[in-house]
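Novice: Read off the chains here:
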Amino acid sequence: MRISTRAVQLSPAAAYYIALFLIPLLLLAAYSFYSVESFEPVAKLTFHNYVEAATSDIYRGFYLRTLRVALVVAVLVTAISFPFAFVLNYLLPGRKHLLYFLVLVSLFGGYIVRVYAWRNIMGREGVINQTLIGTGVIDSPMTLFLNSEWAVVVALVNYLIPFGVLPIYAAMQNVPPTQIEAAQDLGGSRWRAATKVVLPLTSKGCVAAFAVSFIATSAEWVTPQLLGGTGDQLIGNQIQHQFGGGLNWPLGAALALTMVVLVVLLLSAAYLVIRRWLR
Amino acid sequence: MSTPSMPRSTKVMARLYVVAVLAFLFAPLVVVVLFSFHSAPRMSFPFEGFSLRWYDQVLHDQLVIDAMRRSAIAAVLTGLMTAVLGLTASLALVGARTRVRATTMVAAMVPLTFPTLLYAIGLAITYHFFGIGYSLRATIAGHVIVALPFVFLIIGASLDRFRFSLLEAAFDLGASPWLAFRKVTLPLILPAVLGATVLAMALSADEFVVAFFTAGQEKTLPLLLYARINQGLDPSLNAIGTILLVATTSLAWVSAARTSKENQ
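So the sequences go chain by chain: A and B. The numbering used here applies: residue 1 is where the first sequence begins, and numbers increase by one. The numbering used here applies: residue 280 is where the second sequence begins, and numbers increase by one.
To be clear, the hints were calculated from the coordinates, so they are not data collected in a lab. Glycine is no exception: its CB is placed at the ideal position from the N, C-alpha and C atoms. Check each hint, because a few of them may be wrong.
Distance condition first, Cα-Cα at most 27 Å in a straight line; then the derived BS3-like pairs of lysine-lysine [stated by the list, open to error]: (1) K44(A) to K204(A); (2) K462(B) to K196(A); (3) K96(A) to K196(A); (4) K290(B) to K96(A).
Covered stretches of chain B, going by a simulated chain A footprint (3 or more residues, C-beta under 8 Å) [to be verified]: (5) 291-297; (6) 303-312; (7) 412-425; (8) 440-452; (9) 470-476; (10) 494-505.
Looking at chain A on its own, in the form it has when it is part of the complex:
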């Protein structure tokens, strides 16, 4: 009786997840095996899309660049977020709630606005160039900021830092301060306390920060489109293209799922290595 009530109470959410999450993913997987005839996906099953995703030199270039950018972004986000969360939690305990609150709020504010802002700041007619010209530091606009891989990395790191701080900070809430005091009483420096005690105890949070940034970057297409040059486009741009002007949905679906498989394999391998290393 009690269990059936529970099942009834859970069923609306469960039904919603099945209809609008599970089915879309299954259809995406199904479409990746479809063929295309006169720009329309047709249910003639083929491995051709995956063969193209795996063997084409063009896509290999996009995958490698995407994985490189994702790695750089994830490393930077984790490397910036860990000390930030550490300082917040252990060195500024009086203000930690307010500062954490600020990070939390910035997490949910302005995905597209941020990309626009960076374009505005770094562009030819952007804030940096205009200000430098206006104050007479340079004569003509510099073009090294916008349309570069660095612009893409800076914008993504900026957007993802809150996603990095959150899990690490949460993990630190479970580390008893007595453990750190013990490490210091035994003669360890603050730096050693941070690396030898807090880092291993919060490794799950750090892994989450790294993984979230890596996964988010792996499917990013707006940031490279608006801030990167033609040579800085990522696999997400190719996927988006197949659903837009390219009109090859099955290939787009196969490209997307190949990326997911690559990301899962790489993250699992990295996790195993890090777990060994932390032991």
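Based on these hints, arrange chain B on the given structure of chain A.
Specialist: For chain B alone, coordinates are given in the frame of chain A:
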């Protein structure tokens, strides 16, 4: 790690680091807000003066008004739907065994592990497959999935602190299940549900990728901003960006304030 034992230089360095990271986080947002009030059409320093001309221009632009209205509708409906789904599911989870609750929570988190692009194209394919046209309604249905994991996260954290002894006491005193729900369960989980609802609204108002693939011609505010960025930079975009930013961050602020107050 007591404060007095800490060297002064360490504390100064720590403060500088926090300030630097926060400055980096908020720099792009500050630039957008600041230049939305610039009286000159240039986006550069020195700042010439304040003016509301870009807001005046934007608020007389029917396309912007339409997009704002759609975003507001999407936010409210996403909030309502996630509230209903989250509340009914949380009733099942109150008093459920820890294993059942943990499994349900993990299942509810699964969408978070997929990049939004993947989900968005899957959803676009699904609508195409069933012959459903792209529209604002189609986007809202997707926004609910984007927001639900966060809603469950907040409600789940609240359930972890739920004092079941209160519910048992109510039953011991002869309360009916309905009375116990109304007088005990609901007041205890309502702050979390409300906080989660407001958060879902913020997520919907800010969401771009799902909307891009499923909204069709019914462009929300982020989509309109994107379309205009592609047409070229124009100072009025700062005003659109600021309006969007104020909407999402104030909702996030309200939600964070609600849920963090409850945490203490």
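Novice: Hint by hint, note whether the structure agrees.
Specialist: Hint by hint, here is what the structure shows:
For the hint pairing K44(A) with K204(A), the CA-to-CA distance comes to about 44 Å; that exceeds 27 Å, so the pair is violated. Note on K462(B) and K196(A): the hinted pairing is violated, with a Cα-Cα distance of about 49 Å set against a maximum of 27 Å. Straight-line distance between C-alpha atoms of K96(A) and K196(A) comes to about 23 Å, which keeps the hinted pair within the 27 Å bound. Proximity of K290(B) to K96(A) is assessed by CA-CA distance (about 14 Å); at most 27 Å being required, the pair is judged to hold.
Coverage of a stretch by a chain is defined here by at least three residues with a beta carbon nearer than 8 Å to that chain's beta carbons; for the segment 291-297 of chain B and chain A the count is 4, and the condition holds. With a cut-off of 8 Å between beta carbons, the segment 303-312 of chain B has 8 residues touching chain A; three or more are needed, and the interface restraint holds. Coverage of the segment 412-425 of chain B by chain A holds. Counting CB-CB distances below 8 Å, 4 residues qualify, and the rule asks for three or more. For the segment 440-452 of chain B, the assignment as covered by chain A is violated, since 0 residues bring a beta-carbon within under 8 Å of that chain's beta-carbons and 3 are needed.
Chain A is given as covering the segment 470-476 of chain B, and this is violated because 0 residues of the stretch bring a CB closer than 8 Å to a CB of that chain, at least three being needed. Proximity of the segment 494-505 of chain B to chain A, defined as three or more residues with a beta carbon under 8 Å from a beta carbon of that chain, is established by the 3 residues found.
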